[in-house]
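Residue numbers (the numbering used here), protein chains in the order written: chain P, 116 to 827; chain F, 116 to 827.
If you are wondering where the hints come from, they were derived from the structure by calculation, not from laboratory data.
Some clues are possibly wrong.
Put simply, identical chains are the same to the list, so a pair is met inside one copy or across any two.
[To be verified] Derived lysine to aspartate or glutamate pairs resembling EDC-like cross-links, with alpha carbons at most 16 Å apart:
hint : residue 1 : residue 2
1    : K509      : E127
2    : K366      : D338
3    : K284      : D555
These figures come from a predicted structure and were not determined experimentally.
2 protein chains.
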Amino acid sequence: MDPFESIRCFFEPKSVAVAGVSTDPDKMGSIIFANLRENVSRGLLKASVYALNPAHRKIGHFRCYPSVQSLPRVPELLIIAVPVSLTLPVVREAAESGVRAAIIVTSGFAEAGRKDLDADLVDLASRSGMRILGPNTIGLLDTRSGVDSLFLRPTKLLPGGRKVVSLLKPRRGAVAVITQSGHLGVTISEELAADRIGIRALVGTGNQTDVSVEELIGYFANDDQTKVIAVYLEGVRDGSRFLRESAKAAKKKPVIVLKVGKTGAGARAALTHTSSMAGDYQVYQAAFRQAGLIEVADIEGLVDACVAFSMLPPLSKKRVVILTNAGGVGAIAADEAQRLGLDIAQMKETTARRLRTKFSRSTFSSTAALANPIDLTASASTSEFVEMTDSLLKLDDYDAALLLPTHQTPAIDYDISARLSEVILGSGKPVCVCVIGRSDLATRLNGDFLRRGILCLPTPERAVHALWDVYSYSTRRAKPSPWANAREAEVVRKSGSAAETLAQPDIRRLLTAYGIAQPRSVVITSIPDFRKAGGVDFPVACKLLSTGLIHKTEAGAVILDISNKKSLASAYSKLKAIAKERDLPFQGVLVQEMVKGGVEIILGSTRNPVFGPTILFGFGGIYTELTRDYALGIAPLNTWEAREMIAGSRLSPVLKGYRGGPVVELGELAKLVSRFSRILVENPSVKEIEINPLIATRERFYAVDTRAFVAK
Amino acid sequence: MDPFESIRCFFEPKSVAVAGVSTDPDKMGSIIFANLRENVSRGLLKASVYALNPAHRKIGHFRCYPSVQSLPRVPELLIIAVPVSLTLPVVREAAESGVRAAIIVTSGFAEAGRKDLDADLVDLASRSGMRILGPNTIGLLDTRSGVDSLFLRPTKLLPGGRKVVSLLKPRRGAVAVITQSGHLGVTISEELAADRIGIRALVGTGNQTDVSVEELIGYFANDDQTKVIAVYLEGVRDGSRFLRESAKAAKKKPVIVLKVGKTGAGARAALTHTSSMAGDYQVYQAAFRQAGLIEVADIEGLVDACVAFSMLPPLSKKRVVILTNAGGVGAIAADEAQRLGLDIAQMKETTARRLRTKFSRSTFSSTAALANPIDLTASASTSEFVEMTDSLLKLDDYDAALLLPTHQTPAIDYDISARLSEVILGSGKPVCVCVIGRSDLATRLNGDFLRRGILCLPTPERAVHALWDVYSYSTRRAKPSPWANAREAEVVRKSGSAAETLAQPDIRRLLTAYGIAQPRSVVITSIPDFRKAGGVDFPVACKLLSTGLIHKTEAGAVILDISNKKSLASAYSKLKAIAKERDLPFQGVLVQEMVKGGVEIILGSTRNPVFGPTILFGFGGIYTELTRDYALGIAPLNTWEAREMIAGSRLSPVLKGYRGGPVVELGELAKLVSRFSRILVENPSVKEIEINPLIATRERFYAVDTRAFVAK
């Protein structure tokens with residue numbers, strides 16, 4: 116069965132009704148109705164379209180119905196644009212009548228402080244099975260079926276009464292735009308249209324009472340007409356579904372995401388806007404990485420990536436050649452390419468020699484630097500630029516090219532766009548052209564390249580970013596999928612006591628169950644206990660055990676390097692005195708064998724409200740706070756993902772043997788991290804667990820200090 | 116006397132000659148001559164203009180002269196556009212005839228591998244006193260005097276024979292553009308023209324055989340007509356002059372810099388292009404910071420900053436209010452503003468209450484979130500947007516505003532640009548408007564705001580960056596100037612031996628001269644030496660002294676925490692054995708009192724080929740490599756600059772007391788760093804000196820381990 120069957124009605128309804136159509140043509144409902152009728156008359160929309168408003172019998176030439184029940188048939192899709200006070204009764208009637216999908220464009224819900232209204236909608240949707248998109252959304256525009264709930268007019272009047280285009284019509288194409296801000300979605304679609312790129316659909320999710328970003332990603336992943344998915348994201352509701360759907364989608368097609376709510380102020384604004392709960396940005400980034408999404412930094416980056424993926428063939432290797440007839444832009448492009456990680460490899464001497472021979476007749480050959488970037492200088496003619504491009508694209512040395520033809524020089528003619536385009540399309544390689552400038556000629560060249568199907572961007576930096584995005588998708592696509600589901604194990608249930616802190620023996624039991632060793636140790640409440648227990652050898656460390664004492668080191672409650680019984684006795688007395696002095700309950704002293712000479716790691720797991728259990732990996736011990744450097748992952752992590760996470764941390768070089776330290780067996784460490792990542796997934800009562808330090812020697816690992824918290 | 120007198124002739128010559136004018140109108144010399152004649156006929160250029168070419172007696176209607184000497188007068192400025200093989204004879208004749216300034220647009224010099232030709236030009240310039248701009252440059256365009264050596268034609272022909280504008284004419288204005296890439300300078304001027312911003316002049320420096328970027332910065336700093344200086348920089352020749360001129364300029368007007376050559380590949384391209392020696396990027400960044408320059412990340416950032424500084428009043432505080440009628444762009448703007456460091460403060464409850472009362476009659480008041488960003492939602496009308504803007508700009512709560520009026524909503528009319536502009540200009544506050552979109556209406560609104568003198572940028576991210584640049588300039592301007600000059604002291608002259616490593620006693624003498632203490636120590640070559648010397652107390656550290664042994668710790672040649680004579684004796688034997696085992700010369704053992712419990716710092720100084728002595732400050736001891744985090748400065752640093760550098764390091768929080776560590780007296784540390792920064796400046800023979808660790812306790816500092824190298 117199609118898991119997205121229930122939302123298909125939004126995109127391909129057999130009948131549509133609009134509630135809130137009015138005699139005032141400027142009202143949202145009227146605009147939507149007019150747009151739908153227009154699509155019917157153009158033959159685009161095949162559905163029956165009805166107007167609803169109890170106050171009128173006719174709107175223009177069209178009959179107007181008082182209610183859903185009075186319609187000649189139950190519409191599959193209902194678009195609701197009535198005032199907020201009337202919305203719920205209409206939704207209720209629709210649900211009861213058997214409407215299958217409703218788009219609520221009306222605002223004034225949770226985003227305006229009325230969370231109760233959103234709760235009612237959630238309730239209605241779940242009880243009736245009618246799917247709801249919104250409220251507080253522009254809804255959707257489907258360029259294939261002609262469904263269109265955008266309440267924006269394509270033209271406006273200038274003061275003199277002249278009409279001017281106020282909204283570029285979206286083109287029909289293959290980019291699905293999913294957006295939590297309607298306006299931004301419209302802007303993206305307009306920018307794409309200006310670059311001659313069409314959209315498959317534009318969907319605003321609004322307050323996400325029912326249909327969510329994650330569900331839509333899944334829908335478009337399965338949609339054959341969709342080649343690229345672009346997402347403007349403020350926050351997701353169901354983190355694990357998001358991860359699951361995104362990872363599946365990214366296997367099939369590029370999913371590009373622009374995330375807002377990276378900082379406090381942004382998150383605040385996102386909250387106000389669609390009442391989404393914005394999680395911690397770093398956790399989102401971890402999720403994007405794990406799912407294989409392409410995160411872009413800004414609106415321009417989002418649009419450029421959509422255009423690049425729409426126009427370019429795949430790029431699985433990263434050797435890029437840069438050709439220019441003006442040094443500055445070449446240098447800028449090379450700089451940015453290098454920074455991102457593209458390979459701006461120098462030309463092989465044999466290749467350079469061949470090219471030099473070939474172009475020896477040209478005037479430019481004397482001054483052109485056959486390096487990379489290749490600068491043909493201002494004297495290069497159109498023919499020379501085109502021929503050099505042709506030669507370069509035929510080389511096996513490069514996988515892609517960035518062309519920066521400066522049209523301002525006297526020797527470059529307008530036909531460079533036609534001639535270069537032919538060579539580029541003939542090569543089959545991914546090539547980006549960059550035409551800088553604001554003159555009429557620049558605008559024409561830009562348009563001409565795009566019209567011929569050549570990717571053309573306005574600055575070298577943006578061109579390089581687009582190539583990088585296309586390259587990086589191929590590397591992400593190669594990733595194995597994240598773990599589908601983890602088994603539920605629950606090694607530890609609430610540990611009897613009401614205390615939030617999990618007792619050390621319970622932690623030991625938990626870690627043992629996941630194959631994580633601790634140094635040999637014994638808890639003593641008197642000196643003779645140590646001898647009696649046996650099995651723990653000097654040198655040892657002593658730690659004061661006392662509920663509520665969390666930062667042991669700072670309190671002086673950890674004494675290291677105890678090498679004999681005498682020192683042990685003195686340490687024991689000292690720790691007991693500290694407990695007394697600080698008025699802490701004395702629950703004994705943990706005597707633990709010292710682990711020396713390894714790398715100190717912090718390995719922690721906590722629950723994120725959106726994504727559930729997350730894993731933190733980084734510098735351990737005193738380095739933790741000092742470096743504040745860590746990698747994050749969404750649990751559970753398979754071994755491959757754990758290894759990726761380890762590689763992404765700045766601790767990674769240290770693990771490879773640092774200043775004579777041990778070379779850690781990374782495969783074994785990744786397995787341990789993977790096992791550890793299942794703890795919170797499989798033990799719902801554990802809220803948080805941290806090992807710091809986990810000491811890694813060559814291939815052995817010891818959880819030297821641990822803490823864990825369970826639900827009260 | 117005016118220090119820039121000698122380059123004034125480039126900008127305000129009484130007479131100009133062009134060498135290389137030809138009967139072919141497409142040749143560079145012909146285009147330049149035609150442009151100059153055009154400027155004369157328009158009354159812009161007041162100078163006499165002559166054509167030079169021995170092959171012709173007339174070019175069009177104009178007389179053509181065979182040589183400089185045959186001219187009726189010696190021209191003050193000569194523009195040379197002859198083939199590379201003829202350039203040097205022409206330059207030589209000009210210098211001998213008394214020409215004061217020459218622009219050489221011809222290429223084929225060092226950038227094409229002919230460094231010898233550039234050397235000849237350097238030689239000619241220095242012997243004759245004639246100033247040279249170039250070679251390999253577009254030269255300059257001065258919008259006030261009409262001097263113009265740009266060999267680019269303003270129109271080109273389309274295939275049908277129709278003329279099209281290929282270069283937007285620069286407008287007359289106040290932005291001085293200094294560029295090491297001619298094409299990029301032209302692009303910047305064109306982008307500015309499209310935004311209705313004029314330039315004071317555009318100067319390409321080409322290969323910088325004589326006139327340099329740093330000299331031009333000084334020139335425009337002193338030029339009253341220049342309000343903003345924009346620099347495209349690949350590399351500077353004279354780092355200290357650059358620092359000095361830039362710092363002086365930045366006190367008077369904003370200096371914006373786009374640096375290329377950040378990475379290997381970029382630096383390579385820069386080298387090929389103008390044969391500049393690109394120094395290490397981080398050192399450049401330190402210089403920019405110290406001089407108070409505004410560094411931008413890309414071409415768009417450079418143009419946007421020029422436009423912003425041209426249009427906005429100063430912004431000395433950073434509380435910004437964001438107003439929008441579409442949530443997404445508001446959230447994006449707030450996010451980016453927060454990330455940069457602007458203050459997107461929440462509205463005070465009293466203020467929000469007042470505004471709520473004032474706007475209670477409006478429809479939007481119920482749903483508008485009076486937070487920051489303020490989202491008036493899609494229902495807001497033009498009047499509501501304008502009135503809210505007016506109210507916000509009148510509040511003392513905010514220093515600047517970012518307005519994001521979404522024109523796509525039905526309730527926003529075209530007259531929003533006129534009405535908002537009036538309110539903005541009336542307020543006197545810095546305000547940036549952002550009109551997103553690609554429709555005709557968007558283009559018109561954009562143009563209308565700019566025409567009315569309102570800063571208007573195409574994305575919220577770019578708008579926020581522009582506001583941040585304007586704000587950050589005011590904070591930089593407040594900085595004290597860097598030290599003008601340091602005295603020459605030379606405490607250490609070449610220390611007799613031919614060894615590059617400076618001996619420990621010499622280092623001690625050097626550090627003592629600059630008030631930097633070392634722990635008490637003694638060098639022993641036998642155990643009894645220690646008792647005899649006296650004055651060094653246990654616990655001590657022992658270090659093997661041996662020329663050529665640099666990484667002592669890794670070699671096991673440092674033994675710490677020796678608390679009695681017996682341990683000392685054993686350490687001594689061990690170190691002696693290491694020397695023997697490694698076949699190193701044994702030069703004794705340094706016995707040094709242990710310094711415990713302080714913060715470990717690395718403080719180093721080395722010579723950068725462009726900027727001279729630089730200072731490195733960061734995590735010391737084993738943290739140095741682990742964190743790889745450091746701050747850089749250009750020596751000498753005054754106390755204020757040293758303190759800034761310390762504050763810019765990630766070590767800074769550690770110095771404020773970390774995990775029970777000492778709180779370091781930062782004023783004292785800054786004084787020490789400032790003294791240290793003079794060592795390489797005042798001792799030319801010292802190539803490099805490093806203290807690692809410098810151990811800082813509360814207010815005492817000990818150079819625990821040091822090394823220094825002198826010129827052989």
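Could you work out which of the previously given hints the structure breaks and list their numbers from low to high? Violated: hint 1 alone.
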